[in-house]
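Novice: Which chain is which? The protein sequence lines are A and B, in order. In short: position in the first sequence from 1, add 89, done, that's this note's numbering. In short: position in the second sequence from 1, add 247, done, that's this note's numbering.
The reader is advised that the hints may include incorrect statements.
[Stated by the list, open to error] Facing chain B, a subset of chain A residues (Cβ under 10 Å, in silico):
{"id": "1", "residue": "G122"}
{"id": "2", "residue": "F144"}
{"id": "3", "residue": "N161"}
{"id": "4", "residue": "Y163"}
[Unchecked claim] Covered by chain A, according to a simulated footprint, are these stretches of chain B (three or more residues, beta-carbon under 8 Å):
{"id": "5", "segment": "342–350"}
{"id": "6", "segment": "353–360"}
{"id": "7", "segment": "369–380"}
It should be emphasised that the hints constitute simulated quantities derived from the structure, not laboratory data. Please read all numbers here as calculations on a predicted model, not as lab measurements. By construction, the Cβ of each residue, glycine as well, lies at the ideal position given by its N, Cα and C atoms.
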Amino acid sequence: MAKSKPRVKAPKKADKGEVIAIKTLISHKMESGQRKDKKGDLIPRQIINRFTAKFNGESVFEVDIEPAISANPYLQFNMRVEEAGEFEFIWEDDDGSVYTKKQKLDVT
Amino acid sequence: MKALGLKGKTMEDMTRRDALAFAAGLVAITVLPLPVLAAEETAMDEINKFVGGGEAAESGRVTLETPEIAENGNTVPLTVMVDSPMTADDYVKRVLIVADANPRPGVATFHFSPKSGVAEASTRMRLARTQNVIAVAELSDGSFHMAKSMVKVTIGGCGG
Chain A
90 MAKSKPRVKA
100 PKKADKGEVI
110 AIKTLISHKM
120 ESGQRKDKKG
130 DLIPRQIINR
140 FTAKFNGESV
150 FEVDIEPAIS
160 ANPYLQFNMR
170 VEEAGEFEFI
180 WEDDDGSVYT
190 KKQKLDVT
Chain B
248 MKALGLKGKT
258 MEDMTRRDAL
268 AFAAGLVAIT
278 VLPLPVLAAE
288 ETAMDEINKF
298 VGGGEAAESG
308 RVTLETPEIA
318 ENGNTVPLTV
328 MVDSPMTADD
338 YVKRVLIVAD
348 ANPRPGVATF
358 HFSPKSGVAE
368 ASTRMRLART
378 QNVIAVAELS
388 DGSFHMAKSM
398 VKVTIGGCGG
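So here's chain A without its partners, still in its complex pose (with noise of 0.2 Å):
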């Protein structure tokens, strides 16, 4: 398939105490091993099983992933801001590929 492209939406810049929306989307199929060919053969599973969201290498916010979550998988949480830093957001596939994606905020 095409090389999977994920996709974030959190703010540049926050308060401090404040709490922030994030949003995140990653192109996947997301192919359940529930489907079957046109031959009838089951279509192997593959999806992301496992989505990590850190701030400065401490966990946010984690999901483990079912084939029931849909095709491009999207998720939005929240973090409370306490300092300035990096988000790194990392997605793992049944393949054995890890996405990932990192990003600054400031806080004023």
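Dock chain B against chain A, hints included.
Specialist: Then chain B, alone, in the frame of chain A:
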């Protein structure tokens, strides 16, 4: 001509044919819900595994937002919120989402931390048909809370 149903008849003037039809109807009623029950049981298994001997109360602390009717079961929006201060000693640890009539009931498990600020997450899920979606939250004090939401699915989301 005999009426097909039992309408307007007492048990006394029920013919043999009526009685058979009535019995067949009863059998159908008892047999049909079984596959649904089986699926619910696996969802229950998932929940039991998650609470590990504990008990999840429908306490109102968990809010599960799903559409009443989903036209396309391939992408059904879902938001779960848990009422919690999200401080270092009082926060939501995990939230399990299951769909009780999907071929596999598990949908996702969200892991929160005090850094999350608020215990709220959204995603999009696949639903094979009309069913209940259940969210179970585990709090840092070891208690479990749950919420249930029924989604009517017009076109199922499991492909061919």
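Novice: Hint by hint, work out which the structure violates, then give me just those numbers in ascending order.
Specialist: Of the numbered hints given earlier, the structure breaks none, since each of them holds.
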